[in-house]
Amino acid sequence: MLNRERPEHPDITLDMWNIIDDIITENQQKPGALIAVLRKSQDVVGYLPSVLMDYISSGLNISKSEVYGVATFYSLFSMTPKGRHTIKVCMGTACYVKGIKETVERISNEYKLCFGGTTSDRRFSMESVRCLGACGLAPVVVVGQDTHGDVKADNILNILNRYE
Amino acid sequence: MPKLTIDDLKRIKQEKSQIFALRMGEIPFEKTRHVLLCSGTGCHATGSLSVMDSLQQEINQQGLSENVIIVETGCNGFCALGPIMVVQPDGIFYQKVKPEDAKELVESHFKGNKPVERLMYSEPLAKKKVIPKLSDIPFFSNQLTRVLRNKGLINPESIDEYIARDGYFAAAKALQEMTSETIIEEVLASGIRGRGGAGFPTGLKWRFAFQSKNDVKYVLCNADEGDPGAFMDRSILEADPHSVIEGMVIAAKAINAHEGFIYCRTEYPLAIRRLQLAIDTAKEYGFVGENIFDTGFDLNIEICQGAGAFVCGEETALMASVEGKRGMPRPRPPFPAHQGLWKKPSILNNVETLASIPQIILNGSKWYSSVGTGSSKGTKVFALSGDVNNIGLVEVPMGASLRDIIFKIGGGIPNKRKFKAVQLGGPSGGCVPEQYLDTSVDFEEIVKVGAIMGSGGVIIMDDQTCMVDMARFFMDFIQEESCGKCTPCREGTRRLLEILEKICEGNGEPEDLATLEELSYVIKDSALCGLGQTAPNPVLSTLRYFRHEYEAHINEKHCPAKRCPALLKFEVDPERCKMCGVCFKACPTNAIIWKKKEVAVIDKEKCVKCLTCFSKCKFDAID
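These protein sequence lines map, in sequence, to chains A and Y. Each residue of the first sequence is one higher than the last, beginning at 1 in the numbering used here. Each residue of the second sequence is one higher than the last, beginning at 1 in the numbering used here.
Same shape as in the complex, but just chain Y (with noise of 0.2 Å):
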């Protein structure tokens, strides 16, 4: 096949434009509806492809298969609602959809033009509106979509869909109309910070990598999304994988590598499959490869898949796991930007990062940094999850604040329990108490309180979550995948938690949260890679924000939160028990004996301590 020209580009868009037109539902319905249909990880797994094939034969068994197209997309973002459709140009958004509502659905909205209202989205918090159209869904509405604008919208399979949203343009005007220094100016006035957390400006890694010296150089992006709670870059991969390599392909002209890897979690299948189709289409149409839009400038990518260490998302880490070795980190200097892969120069960027350059490209830095604050520019994603009613991706401008991504965007918290904590920024972040809600989240404002921006991960905590519990599944967790390279890490990482362990056993004594404290200093002081000088975060914000939670458990031996059984009595309290009956009805292991009109009592000969009935009961009851 030939190679795609300016052109041709042109000529693909103008093709399109009519059905974006009506998918962006900017023209009136005459006779064609889209059915977006969600089909990322998330909807998979709640059953999108079934709904597909039992909707696609419903339509043809009408005769409607001329008139409704379904169109698998990528990640929608509002994941825990899936799987999700949204017909267009009416507008209408499905969640939850089944297989057996096909019949309903076509029959009723597609055939009669009488949309379903009972798979609607309804408002959690304002007594279960109904609100029919996406537009006008506060989790949508309240959004500013940049990186994600694509996604719900386009196939991701298809590069020419990519191409109608303008695909590709900005990596032609790249190529064909600026020079390395000219991109690297575009970037670094646009005040784009690296998205994967520690927010170093993208212009100046590149300037720097452009300043070395060496015939062969790489670049290399980071989908080693390896933060729990955090799922923006899979998003961005399985709904828009062309802007990831189509910014590769500007990163590579700007530093003048020849050479590309895309380092993905194995954890993501789909991520990958995508990506590896959309090497393959852009390699046809000339994009990657040799002499991309006949400039002789070659780029080669490949991707090379992780093998599950949280350590790899560490720059120097990665780069020794794409050379085959353990994926340790080593000392920088020398950065990478003058010694990396195979001690060549080299740049590391993040997906969300690499995402946004084609847009500063072709619309220009000015508009970039239109949205933010004085320090941090453009749009951030956040994932938000945990005990919120709008779990999902969202994207806001850079100084949005906590309570409105929490509360106007997330919905609130779910089954009237009260907000506690969100933590931010995955295990090397800090949890953010009620008191700071209205801080606006930027690189620096962040970090006043405590936490950091991370890779995006907003995991918010009601109520009935234990922050000395959070602080020791952190430690956990970072003890685990310490790579054991350097011993304030290997070991101080086991020493704190092993003594979270014993506060939550309630063997904890008052001097433990002095030791605490001074080995989380000694380890951020003396760790060797941002791993190990940030893994003490959970427990030094926790110590904070809540210290009278590890004093009550010190102290009293009690979890007000009621979440560590060793400080649980597993007993009902008659005064609040309603002898409703439904701890009885849960327990896994029959140790409740209840009747009708009875309080409740635990058999605790039977009790397995799995704290389901503390779950269950709506009134606290069970201490």
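In isolation and in its complexed conformation, chain A is listed as follows (with noise of 0.2 Å):
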């Protein structure tokens, strides 16, 4: 454990602020860890609060502003709760010309979810990812870990539905 104070947080629990002082302390000496350890830390709690930040900032002694400078640079991190499941929409150029655009609105009307936005029952979260590389499979949808390929506007509701 860190020699320091632990902030209370009511996403954060006493196991979860173990892992993250092991991943502090596993990169404390290393430069240029810091993206890798909002990576680590974000992987267990599932969003970034301000008092992690600041908590990974005195850990690593790097400045509160330079963390979160680098935390609102990368899409990948994110300050806000997010829903049981993500749905992550590619928006490259394939996806777009096989009709993303039409899938993505079918989404938003039916769950009334924005890029960025979370259901207010916290079942899905919605994010445009750039391209997955999976363009053999236009248009592509990620839902939790599982790629769905050919996602049209017809069958993304289907596929949501699986999702409790």
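No wet-lab data here; the hints were simulated from the structure. If you're wondering where the values come from, they're calculated on a predicted model, not measured in any experiment. Do not take every clue at face value.
[Unchecked claim] Think about it this way: if two alpha-carbon atoms lie no more than 20 Å apart in a straight line, the pair counts; the simulated DMTMM-like pairs of lysine to aspartate or glutamate are: (1) Y:Lys96 <-> A:Asp150; (2) Y:Lys606 <-> A:Glu105; (3) A:Lys101 <-> Y:Glu302; (4) Y:Lys585 <-> A:Glu26; (5) Y:Lys609 <-> Y:Asp623; (6) A:Lys30 <-> Y:Glu302; (7) A:Lys88 <-> A:Asp150; (8) Y:Lys96 <-> A:Asp146; (9) Y:Lys569 <-> A:Glu102; (10) A:Lys64 <-> Y:Glu323; (11) A:Lys101 <-> Y:Asp469; (12) A:Lys30 <-> Y:Glu323; (13) Y:Lys325 <-> A:Asp54; (14) A:Lys101 <-> Y:Glu104; (15) A:Lys152 <-> Y:Asp512; (16) Y:Lys585 <-> A:Glu102; (17) Y:Lys585 <-> A:Asp154; (18) A:Lys88 <-> Y:Asp476; (19) Y:Lys606 <-> A:Asp154; (20) Y:Lys604 <-> A:Asp150; (21) Y:Lys616 <-> A:Asp150; (22) Y:Lys609 <-> A:Glu105; (23) Y:Lys111 <-> Y:Glu66; (24) A:Lys101 <-> Y:Glu323; (25) A:Lys82 <-> A:Glu110; (26) Y:Lys609 <-> A:Asp154; (27) Y:Lys609 <-> A:Glu110; (28) Y:Lys103 <-> Y:Asp90; (29) Y:Lys606 <-> A:Glu26; (30) Y:Lys595 <-> Y:Glu571; (31) Y:Lys325 <-> A:Glu26; (32) Y:Lys585 <-> A:Glu110; (33) Y:Lys562 <-> A:Glu127.
Fit chain to chain and form the complex, with the hints in mind.
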């Protein structure tokens, strides 16, 4: 455990704090490790609440402004909680040409969801991602860990129904 | 485990020679078959893992486990037809295999020696003619695979299989028999130019870094494949990760670096897993780490994961990101060859470039430059996607024509639609219309028609694509990904986007076109990095070839491709409507009123303008 007081946060459990301490200790001496620490911490908590970023800042001895600057620069990092299932919509060119826009509209209309948003029951979050490199399957949507190909406006709702 | 010597490499290659003769279909079938099942990202998504399970189960049940071996290979490249599998030595290619097909495959093909025709590939153009053998399918037979030579052939998680395909022989040669100077000479003579987009001669880059005096130098691999529509680097990393690592060992020896980083996109989890495994086994074998091949040369390689920023594909931004900072480019000079990562001399090479290096060292520069054009040597991997029948990765000699790539290998445009344009080079590239399809693809020729080679994304668009909307799409992408450091890119791309949105919404004014052009040239001239300088290309190239579409949007408030909802009437033309009811069935909001033998009518109150009916109607009857 790091020799530091842990702030209270409803979304961060004791176990999570322990893992985060390990992540910080592992990377303390490593130059350039901030992005990796933020990524691993986000994997643990699900997002980056500001108390967590402050905690990382003092743990790595990097200024708060730098941590916040990096966290807001990269699209991977989120400062708001996510839904149980994250819908990642590929907005690459191939998916666009193949009609991902219509798919997105169908999701938005059904779940009242925009990019970066989460449904009120925290069932889904939706994010746009840059090309996933699965252009052969375009249009592509990733729900949680599952990649779905050929996702047209007609079949997206059936796919999402499988995720409770 | 003791480190391997060159004799060990030869022994492993010898031991596996029979297996590879079989897998390449060079020896006739006796009793053993290898089932090469694609296990790339694309085929995983379409279910190749469950196909493997049920196939293995069926093979075991039929008592064939001795004679039928399933091999998980890396990405085969023909992603749209996944899950893909090739049975050798028969050479049979199966597509879209489902777990339920396992029984039939095993009974009919593996037991009865009668291949299953319904799972074979059929020619999209020639009346669905079935082509059983991989080597006869035009998509494969018209390619020349060098960088992709191991795709669909080796198990990427087995270092021995890579060695059996001459793996690490080049690294041994470079370290034991060559000096930095002779390596650089060989790479220079091969004429290879960076495959990441800019096309800078690789050997020259290495020479600059070699000449830079410093105790600490870095060799970096750019695996931040950000261009939407390009997935060759992902495929190489998934199918043949050791080729990239071997390329890095040779590059490190050339410039005398002992630290290496592979900067890989976090969006490619499978590639990262296989790379890490490859680094670990290469370390165990003594090809990475200390005293490689007993020559006293050390090299450590680490993976550095990106965090989702397109601009990090730019070299100085990538290096800032490896340092844990915001990925913002900086002005050059100083160039990275003098001051790169942590202000030390560094080289950054693309995945495809590094994967080409071992073969250049092993086969010589003459072999490499025997194909290609005057200024662009070797082969290039292109990622075909969009409105084309054969979606996937193709490798052809530099200088092949766009027409051959799209029609001969790509199989043409699906659904009997017409070719409209091909987008080359990602968001920094341009759209090339039909009259330039005979352009030979090399670094210089492509620029002449207003596009760039870029990383090799080839996105084909049919006549249902609106070019103004495409320009808007790219500008939306670029302004989102602009890092914000320099004003021309941050503000300029936003203004370009606003004008394009205005045109798409039907509020365009005639003077907008001149403003678009002027602003584009200002951004090109004044932006800090490659991202900004090339950002206006999609606008300029569509203005150059499809100006009439812009004018139709502005003057007639009409979108010829029927993609911009604000310019559509959402009315069915009774003359063209064939009363088939397809639109009625497809409409998600029940906004279409239709009965048998009646013209469909759209209820505008219920219509959400989703364009589903437009894409479904085969008769172009909705305006």
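Which of the stated hints cannot be reconciled with the structure, identified by number in ascending sequence?
Structure breaks hints 3, 4, 14, 15, 20, 24, 29, 33.
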